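Chemist: Single-letter residue listing:
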Amino acid sequence: MEKVSIIGSGNVGVAAAFYLAEKGVANIMLIDIIEGKAEGSALDLSEASPLRGYDIKIRGSSHIESIKDSKVVVITVGKVRKPNTLRLELLEDNVKIIDPIIEDIKNYAPNSIVVVLTEPVTSLTYYTLKKTGFDRTKVIGVAGKLDVTRVCECTAQELGVSPVEVSALVLGGHHKFMVIPPEFIRVCGIPITELLPKGKIDKIISEAREAGTTILSLLKKQTSMYSPGAAIAETITAIINDTRAIFCLPTYLDGEYGFKNICLGVPVQLGKNGVEKIIELELSLPIREELQASADVINKTIESLGI
Amino acid sequence: MKVSIIGSGNVGVATALFLVEKRVSNVVLIDIVEGWAEGKSLDIVQASPIRRYDVSVSGYSDISMIKDSNVVVVTAGKPRLPGMSREDLLRDNVKIMKSVSESIAEYAPNAVLITVTNPLDILAYVALKVTGFALKRVIGMAGILDSSRFRYFIADELGVSPGNVTALVLGGHGDLMVPLPRYSTVHGIPVSELLPRATIDKLIERTRKAGGEIVSYLKTGSAYWSPGSSAAEMVECIIRNRNRIIPCSAYLRGEYGIDGLFAGVPIVIGRNGVEKIIELSLTTEEKQALHLSADKVREVIEKIESENMI
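These protein sequence lines are chains A and B, in that order.
For the first sequence, position 224 matches number 435 in this note's numbering, and the numbering has no gaps at all.
For the second sequence, position 233 matches number 229 in this note's numbering, and the numbering has no gaps at all.
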C-alpha cells in the first residue's frame, strides 16, 4: 500500500483523508504543526474504520519527517480567505508558510509527487515547482478539479439531472480568473448549448465561479472543505491507481497552448508518474483571449515572487 | 424496495449481483426451471458475509413471488441455438414475453418494467401492449450497453480511464445501432479532437459487433457482465430516483419523427421510469440511420400484430 502525506490537518486536509480512507486508496499520514491535532484526527478516522470497513492505516504526526517515503505529498497549509478578500492577497503570507515545508519535502520525500492546495494555488504551484526543483510532471495544483466539479453541480441543478452525468473543463486560474468554455460543458456527452439557452449557461458559469465565495459568505468563519477534500482525494486516487483519468489542474507549461514558464490550469492525464500527458485542445478565439488574460494575472503574481 | 428479475440465466444473475453489491434493493430471482433461481440466490447470499451486503436475495419458480415489486427486469427468453431461424426465435420469445407480461400486470401492476430479452425493441413493445402499463413505465435495455461498449473501446484506444468517457448510441440494438461520435467525449472533450476519423470508425464498427465478438470467443455463451451491469444501472436510477441521462429504448410518440415504436434515444431515467425523452438535433444522415433502424422494427411489429401473436 502506497503512502500519502497530507500536510495541514485542517478541515480540507482531514476531509481529503476521509475520502481516501473510504475508498481505501492509500495509507495516510496527516501532519500538523500543532501538536496533537493531526494525531487526534487520525485516531478519530481510524476508530470509524470498523463501521465503515476500511483497513488502511491512518496516522498523525506533528513531525514533518514523518512524510518520509510518501508517494504523494499534499500541501493544504496556509491562511485562508476571509469574506470579501481575494485569494491573491494571501500570497505573501502563504509563501512564508510553505517555504520551510518545500525544503522538508525535498529532504524527506524527494521522489514524491506534490499536490498544492494553498492559495493562490496556481501561483504557488509554480513557486513549489521552482523551489523543489522537481520535474514538472511531479508538481500540480488542485484548483481545476474543484472548479470543474462546481460547474457540473450547478449544471445538474439547473437541468434537474444527476451530477455524475455532467463533465466540464475549467482552464487558466482559479476564482475570478478561471476560464470556463461553454462548448465543453456536456451532459452525457450532449453539449449544454443544445439543452439550455445562453442566459442560463452564463448564470451557471458565474455561479460556479463564485461557488467558493458563496460558501465562505455563508459559513463566515470557514471555507468549503468537502468539495476541495473530494477533489484532492480524486487527484490522489488517479495517481496511486494509475488511472490516467483527465483532470483540469494547474500544471507547468512549456510551450503548450502557446505559454511558457508558467503554471496554468489545463486538462492533463494523471497517472503513477504524475502528469502523464498535457492535452492540447483547439480553443475558440474568445476563450483563447480569456486564457491569455488569466495568464497575464498569474504572470504578474509570479514576477512578484522574485524567483 | 423490491426488484424482481424474471429469468435467472447469466444476465439475470449478473444483474442481481451488481444490485446487491451496491445495496440497491432486495432482489427476487425468478426462473421457470424449478430450483434454478433458488440455487442461484443461495449462492449469492452466501457471499454476503464476505462482500458485506445485507439486502435479501431469494429465488422462486413461482412468478407470483414478484408481488408488489418496484421494478421488474425481464431477461427471460430463449437464446438462438444452432439451426434455429430468427423467425422461430422471435415466435418463441414473443410467447415468453407475453406470458411474463401478463403475470407482471397481475402481480406487480405498479412496477417499472425493464426488458432485456432480444429482439429488444420488439419485445419491449410486446411488454408494453400486454401489460397496458403507462408508456413511461416500460423501458428497454440497449443503448446503455452499446454506449458502455463504445466508451470502453474509446478509453482503451486512448489509454484513459473508462469513467472519463461518455458516448451516445441510439437506434435499435443490433447491426443498425446509431453511434453518435460527435456526442462522445472524454471529460467533455469531443472524441473527434482526440482520435482520427478512421480510428473512430473502426471503434464504431467494433461496437456494432461487440456482442458477436464475445460470442465468437465464448462459443457456447454470450456476454452477461456488461448487460447485467447495464440493467442494474437502470434499476438503480429508478430505485434511487437518480434522473440520469441514459440512452434506452423508449416508446416514442412523434419524438425524432418516430411514432408508436420503441427506439433507442437518450432519456432521463428516474423514479417513474422514463422521466423525459431528450430530443437532440440530429443531422440528416443520423436521422436517416435512426429511421432505417426503426423501419426494421416496424416491419416485425406489423408481422406480429397481423399474425395475432399478441
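Check the hints yourself; a few may be wrong.
[As the list claims (entries may be wrong)] Covered, in the sense of this in silico footprint (three residues per stretch, anywhere, with C-beta under 8 Å from a C-beta of chain B), are these stretches of chain A:
hint, segment
1, 272 to 284
2, 344 to 350
3, 368 to 376
4, 468 to 477
[To be verified] Computed list of lysine-lysine pairs in DSS-like fashion (alpha-carbon distance at most 25 Å, straight line):
hint, chain 1, residue 1, chain 2, residue 2
5, A, K317, A, K483
6, A, K488, A, K290
7, B, K272, A, K411
8, A, K234, A, K342
9, A, K414, B, K(-2)
10, A, K409, B, K198
11, A, K387, A, K234
12, B, K205, B, K(-2)
13, B, K272, A, K234
14, A, K411, A, K387
These are computed hints drawn from the structure, not numbers from a lab.
Computed from a predicted structure; not experimentally measured.
Ideal Cβ positions, reconstructed from N, Cα and C, are used throughout, including at glycine.
Chemist: Sort out which numbered hints this structure fails and list those numbers smallest first.
Modeler: 1, 2, 4, 6, 8, 9, 10, 11, 12, 13
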